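Peer 1: Add chain W to chain G, keeping to what the hints say.
Line order of the protein sequences matches chains G and W.
With this note's numbering applied, the first sequence covers 104 to 502.
With this note's numbering applied, the second sequence covers -12 to 396.
What the hints contain is simulated information worked out from the structure, not anything from laboratory work.
Listed next, the stretches of chain W that the computed footprint assigns to chain G, with coverage defined by at least 3 CB atoms under 8 Å from CB atoms of chain G:
hint, segment
1, 115 to 126
2, 143 to 155
3, 252 to 258
To give an idea of the chain G side of the interface with chain W (calculated C-beta under 10 Å), a few residues:
hint, residue
4, Val198
5, Gly202
6, Arg215
7, Arg218
8, Ser236
9, Ala241
10, Arg244
11, Thr254
12, Ala258
13, Gly267
14, Phe297
15, Thr299
16, Ala355
17, Leu370
18, Asp378
Quick caveat, the model's predicted, so the values are computed rather than measured.
Built from N, CA and C at the ideal position, the CB exists for glycine as well.
Residues per chain, in single letters:
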Amino acid sequence: MVSGVGVVSAWGWGVAPFRSAVAQGGSAIGPFTRFEHANYPTHVAAQVPNRAIRPRRSRCARGLTHADRFAVAAADEALAAAGLPAVDTDRRTGVFFGGSTGGMFECEEFYRRWRRRCLDRAPRHLLAAQPVSRPAEAVARSLRVSGPVETVSSACASAALAIGVALEALRAGEVQLALAGGSDSLCRITFGGFNTLRAIDERPCRPFRADRAGMSLGEGSAVLVLESLESARGRGARPLVELCGAGASADAHHMTAPDPGGNGASLAIRRALRDAAREPGDVDLINAHGTGTPLNDIAEYRALERVFGDRAREIPLAVTKGSVGHLLGGAGAIEAAATVHALLEQRLQPVPGQGPVEPRAPVQLPREAVPAELEVALSLNLGFGGCNAALVFARWSEP
Amino acid sequence: MSAEASVVVTGLGTVSAAGVARPALEAALRHGEPRSTPIDRSTGHHAPQAACTAALVGDLDLRPFIPPLEARRMSPASRYAVVAARTALDDAGLDVRDESDAGIVVVVASAFGPAAFSQRLLDQILDEGPTVASPSLFTECVANAPAARVALACRATGPNLTIVQGEAGPLRAVAHGAAEVAAGGCWLALVGATEELTPLLHAILDRFRALARPRGEAAERARPFDRRRDGVLAAEGATLLALEAEAAARRRGAGILARVRGGWSAFDASAPASGWGRGEERLAGELVKGLERHGLAPADVDRIVSGASGSRAGDRLEALVLRRAWGARRLPPILAPKATTGEYGGAFLGAAVLALAGTGWGPTAGFEETDPELEVRPHDGSPLEPARRVLVSGLAAGGAASWLILERP
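Chain G on its own, in the form it takes in the complex (with noise of 0.2 Å):
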């Protein structure tokens, strides 16, 4: 069950203002200020708003990167959400995260400062920042977690990979309540080496569009909190919604191209909706990977035609990218927020951008936020070397 959702994005600090610009469209792409960006070929992203925030334990705050403090935010408001003040001790929890840069742009600023050979104004703690595991460590550091904290590092897959991991951890009996997500920001290598490959487009994303051009990217965290029924029941609290399976595959066809004909990530889909026990004609919405790159919108597209046939064409999608870009390792994480939302609130997310759709990918791309009955929705999320990694979810209502 997912009792508790935490989210920081562009949009700001919190679910509220992210629930509110998704559930009306609105995109946050725009210009930023996170790097000096004058001779980077596109000019473009989705930043989060400046903040500063107290972590629980005051020793906690020295060193945070951006990354650190974006999870630690969206942990504690997803705690918070589920009725959870705090960690207890007596519930064993875990912490799993998906992340891709960490603290990278923190780590760029102490190797600027290396290379100009000022060592000694070059502070370690921005090197700290380096490993990828970092933004799990910090969350469970301020919370006391003493059960397992894993970081999955699988491109734009991480979090949904991590999300499926604690599921299982779940599943196992490893812990009791997990607190699953992902947390990326923007940094210049990610920034610098999507323009060179020229995936980036000059305007905010437009996924699924004709005139689509490239991703924008984003940066921030979003974080669920999971446990069983019986715990949730136990403690009073109500369930949000069910998580109810996730599956994963590999493409192996190409390091940066996807599958052409989709099938690893149709392979990912399936593998989900076997773990969760539904059909494909089951699912009512999908939040889509949706970069907006010309290849990879029609790659998902034959993915969804591989698994739902012609409904790949009538099911709604909801693309949370058009709204806070791509937040790579934490994509996964803001994407299923996105999808506990509408489930929620039973009702469709209009996505960001006009005009025709691409006649290669015909997806059901939703103009506003209409009310629907939406049972079971699923979310996909396919990476940098073909790693993919699906999400079902279901509405829940007490018996």
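Peer 2: Chain W only, in chain G's frame:
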């Protein structure tokens, strides 16, 4: 665990300073001494008093395992992972390269990811501007590039996971792969770790005082559990294990190196972001509870393969966790293979498997004097009874802890 759910190690593939494939690692462990070589300090990253050596793969000829054309665009970490995967499959007597197979899962751990390509890309972005940076460098910068390369090399379309959890990551990789096989979702798991070491990364580790440094005329060396230990020997390479369901492995007559009884992990919230904490009591409790979840008690373990590496604080925590977990009971023989293999690159994981496979072990290199605070003496090279059940322990800087139980099949 039922016979169908039981998971075994049928192959061990490795590339490290010791060489390529299992016999090279076995020979290194028998010998005991590390194969360290000078690190390139011409880059100017190192302080004058910094560590000078590392256990490097160096110019080992990897062409028999990975043709130059295939290796051309790969980072060292990816190359090592592919070589380890291929030698693991050879060791297991498996050939899976012809058709894509959704029954193969790949789980690879890395502490730092592809460092060389990331540095080169960042240099290009900062020096020449992002418009002229090489896209092929970026492709290999992502932490999961090695796991993706292994999937491509083996046509593995099953789940593909990269774990980044410092020194605890390799044991988690094994646990995840074993769980996938035990659940029946996959028939083969390729699990382990890969790491590459650049002069910059070496200098950075030294700046954190993580590395053993030379002392006067004496060469630097890792001294696990020794009173005078002052840091680790940094290493690179990759080690991957082939895991299969025991019943299936026996049906095809595979040689079985070890059975994976189970793995679990915990966190020491007292640890600083880049060091070890003092949460020995809580971690010892987690260790014992984990053993109990697998139907075991400390007395059921007759060998410990410790992740002790010569780190001042890390070895202290490791020793105190083990001593508290065992309480008044005598600790079983403790092997500290990182004295030989160095830290990072997964050879430690291979050593843990070989502890069950009957490999003879030399004395713990660098250990001379017991630390009175730790009161732990690692293996002295005397003959050991073959182990029946091994506890593998990996405590990471930053707080993560991971354990694994391997058994003789």
